[in-house]
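Letter by letter, the chains look like this.
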Amino acid sequence: MDFKRRGILKAGGAMLALAAGLLHSARTLAQQWNKAAFETKSFAATLKALGAGASTESNQIQITAPDIAENGAVVPITIESAILRTQAIAILIEKNPNTLSADFEIPEGTDPFITTRVKMAETSNIYAVVRADGKYFHAAKEIKVTLGGCGG
Amino acid sequence: MKRLPLVVLAALAGCASGPSDDEARARAEQVFRESFTHGNRQMAARVDQQDEVQALCTRYRNEAPQDVADRIGSAAAAGIRYPASGKFLGDWRQGERIAQDGYGLRFTDADTKRPNGGGCYNCHRIAPAEISYGTIGPSLYRFGALRGTGEPVQRYVYGKIYDSQAFLACSHMPRFGKNGVLTEEQITHLVALLLDPESPVNK
Amino acid sequence: MADPMRIRANMAGDKVEVRVLMAHEMETGQRKDASGALVPAHFIQNVTVSCAGRTVLSAQWGTSISKNPFMHFRFKGGKPGDKVTISWADNKGERRTDEAVIAGG
Amino acid sequence: MNGIMKSPGLPALLLAAALPCICLAQQETQKEIERYRQLLAEGNPADLYEARGEELWKTKRGPKNASLQQCDLGLGPGVVRGAFARLPRWFPDTDRVEDLESRIVTCMVSLQGFKREEAIRNPFSAPGRPSDLEALASYVAGESKGMKLAAPLSHPKEIDAFRIGEQLFYRRAGPYDFACVSCHGDNGKRIRLQELPKLTDPNDARKIFTTWPAYRVSQGAVRTMQHRLYDCYWQMRHPQMDYASEASIALEVFMAKYASGGEIQAPGLKR
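Chains as they are written, first to last, in numbering that gives the first Met the number 0: chain P, 0 to 151; chain X, 0 to 202; chain U, 0 to 104; chain F, 0 to 270.
One should not assume that every hint holds.
[What the hints assert, rightly or not] Here are the simulated distance ranges between beta carbons:
id, chain 1, residue 1, chain 2, residue 2, range
1, P, Gly-108, F, Asn-64, 44 to 54 angstroms
2, X, Ser-73, F, Gly-187, 29 to 39 angstroms
3, F, Asn-186, X, Gly-179, 30 to 40 angstroms
4, U, Gln-29, F, Lys-114, 36 to 46 angstroms
[Unchecked claim] Taking lysine to aspartate or glutamate and the EDC-like style, the derived pairs with C-alpha atoms no more than 16 angstroms apart in a straight line are:
id, chain 1, residue 1, chain 2, residue 2
5, P, Lys-143, F, Glu-31
6, U, Lys-14, P, Glu-107
7, P, Lys-140, F, Glu-31
8, U, Lys-14, P, Asp-110
9, P, Lys-143, X, Glu-129
10, U, Lys-75, P, Glu-107
11, P, Lys-143, F, Glu-27
12, F, Lys-30, P, Asp-66
[Said to hold, decoys possible] Simulated coverage check for chain X against chain F, where a stretch passes if three residues somewhere in it have a Cβ under 8 angstroms from a Cβ of chain F:
id, stretch
13, 103-109
14, 124-133
Read the hints as simulated data drawn from the structure, not as lab findings. Heads up, the beta-carbon is just placed ideally off N, CA and C, and yes, glycines get one too.
Use the sequences and the hints to build the structure in full.
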């Protein structure tokens with residue numbers, strides 16, 4: 000899907016002076032950053048910091064990602080949850096210096112589906128953690144990170 | 000690769016019409032020297048001048064006629080300096096590190112105290128655990144298991160790493176020993192990686 | 000001020016499908032520069048997406064989201080002509096807001 | 000591989016016997032790498048560079064406070080659409096063969112009044128230090144997407160450049176004895192997991208030469224053909240190649256001949 004430049008409304012910084020409501024939320028945006036969770040070093044510690052007591056493995060969570068990433072700087076990952084009333088999806092990378100990579104809040108009416116790209120320090124398990132109805136579920140997939148090219 | 004008769008080879012070497020090959024080569028040498036003027040001066044001096052082997056392999060595009068190939072091969076073989084101790088097998092663990100390491104001799108490699116790597120995995124499959132390997136060179140997996148680990152093979156592997164052209168004129172493989180890229184000790188570690196029965200290559 | 004985001008929003012059945020690229024270095028704070036000094040962390044921490052006055056996605060990001068971040072997601076309740084507005088804020092207090100009009104199916 | 004390896008008692012068939020099982024694992028790896036690339040295709044960060052390049056193209060800058068919209072990329076002043084598909088080529092005003100980047104620099108000097116040293120001060124971006132030339136090259140290249148490469152090879156200086164490029168392609172030098180052909184001389188070869196096009200084989204050249212400039216995930220930036228050559232010589236243990244040097248353009252003319260007819264898919268997306 001190529002981004003057709005002409006079809007896209009290009010908004011400059013001036014957009015900041017948007018309706019107060021949005022501006023308000025943009026300003027409060029920065030405060031909601033779960034520093035503790037983003038500094039945890041393991042799957043279990045991250046779960047605790049996210050407020051999860053326990054998390055049960057579920058085959059209702061699908062992780063689409065390559066088995067081998069040619070470069071750890073950009074690893075495409077898609078997570079889709081078939082668990083009813085999914086409210087949040089988090090991405091955890093076990094062997095990264097900080098395990099928690101991202102936490103997406105999924106409001107009513109938004110698909111429990113998210114694609115993004117993460118950095119992986121080395122071959123590792125990637126966990127997708129889903130919160131649905133206040134309960135936590137997870138699935139995992141190992142992604143091998145290889146050394147491409149003849150650098151190194 | 001079938002050997003082409005000599006006459007065809009000569010024709011191939013001067014295949015382009017227009018200025019003769021020598022004239023085009025002289026012009027290219029001048030353009031080359033004028034295109035690396037802002038970078039590292041020592042490195043420029045080294046690449047501006049080709050040694051005889053580099054010049055011949057360039058001229059014949061790595062397919063030298065038999066007589067030229069024999070001359071290159073025998074000169075290379077005569078130039079190999081084998082370890083005075085006669086000990087070819089170093090430590091395969093250090094060999095694996097050298098084979099993985101691509102550091103050294105690049106214009107960004109400022110730390111001249113750090114030893115050069117061999118970068119062998121760039122072109123060869125070696126230990127089975129490494130899935131990110133190259134295929135410019137043949138697979139060396141199970142090299143010792145397939146070819147034996149006695150002194151003649153050790154001597155061959157040492158010589159091949161020291162100066163690959165002693166065994167294949169105009170080989171793509173760098174002359175690691177001859178060009179001073181790897182030390183004698185580093186080469187013995189690589190020999191061990193390929194031939195030590197304990198090395199993962201032979202498991 | 001960072002370069003504008005590239006936002007593509009179009010209908011996919013009854014849902015709005017959004018793909019967005021954001022121009023940001025996303026420094027982890029673990030990288031050393033040429034002189035060996037640690038480059039301080041500089042990364043997007045919060046993202047909010049709204050359409051027709053309603054928040055349709057919000058995210059908190061750590062340092063391991065790739066440089067020039069990409070996101071693809073879908074939501075119900077938007078129609079062609081509506082605007083999708085995306086805002087981000089990073090750990091240095093820098094902000095950017097851009098929007099795109101939802102194209103037809 | 001060059002000739003039969005002369006070595007004591009290599010039972011070639013023994014080695015061949017080991018190949019099938021190795022190849023199988025190989026294909027798995029290759030398939031996964033292909034999947035990795037496809038999953039990235041849905042959003043190429045190079046689009047950010049194309050947008051910034053278009054902005055720069057139209058912005059009045061430099062001592063003459065002029066934009067680049069009158070730059071003649073070979074199809075007439077101001078014509079950008081399709082221009083990249085005809086580069087590199089000889090230009091009458093400079094009487095030199097120029098590639099995409101050197102031609103942009105020529106216009107920055109002639110139209111905007113920049114001194115050449117200023118125009119090429121930051122040809123390759125680094126984190127936090129974007130390069131205008133990379134953005135401009137992304138924009139102009141993107142304006143030929145889908146077209147067939149047809150760089151001319153008729154003017155005497157174009158033919159001269161081709162012949163020099165050919166010599167340089169085979170020129171072995173430096174501590175590793177490398178030339179371009181050391182890695183780009185055979186089909187189906189790889190460095191680590193990175194496939195290598197045989198650049199004198201149109202089937203490979205058409206598919207690869209036409210995807211530069213490209214966003215490189217390993218560098219988090221769009222890299223141009225000038226950077227590609229600079230980076231190759233870095234790996235070949237040569238010194239830094241001068242930006243838009245005559246040798247770089249000669250090599251591009253040489254490669255463009257074999258890539259002729261290939262569909263431009265730039266800016267591409269690569270490791």
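Verification of the hints:
no.	hint	verdict
1	P:Gly-108 - F:Asn-64: 44 to 54 angstroms	50 angstroms, holds
2	X:Ser-73 - F:Gly-187: 29 to 39 angstroms	32 angstroms, holds
3	F:Asn-186 - X:Gly-179: 30 to 40 angstroms	33 angstroms, holds
4	U:Gln-29 - F:Lys-114: 36 to 46 angstroms	39 angstroms, holds
5	P:Lys-143 - F:Glu-31	10 angstroms, holds
6	U:Lys-14 - P:Glu-107	13 angstroms, holds
7	P:Lys-140 - F:Glu-31	14 angstroms, holds
8	U:Lys-14 - P:Asp-110	9 angstroms, holds
9	P:Lys-143 - X:Glu-129	12 angstroms, holds
10	U:Lys-75 - P:Glu-107	9 angstroms, holds
11	P:Lys-143 - F:Glu-27	13 angstroms, holds
12	F:Lys-30 - P:Asp-66	10 angstroms, holds
13	103-109	holds (count 4)
14	124-133	holds (count 5)
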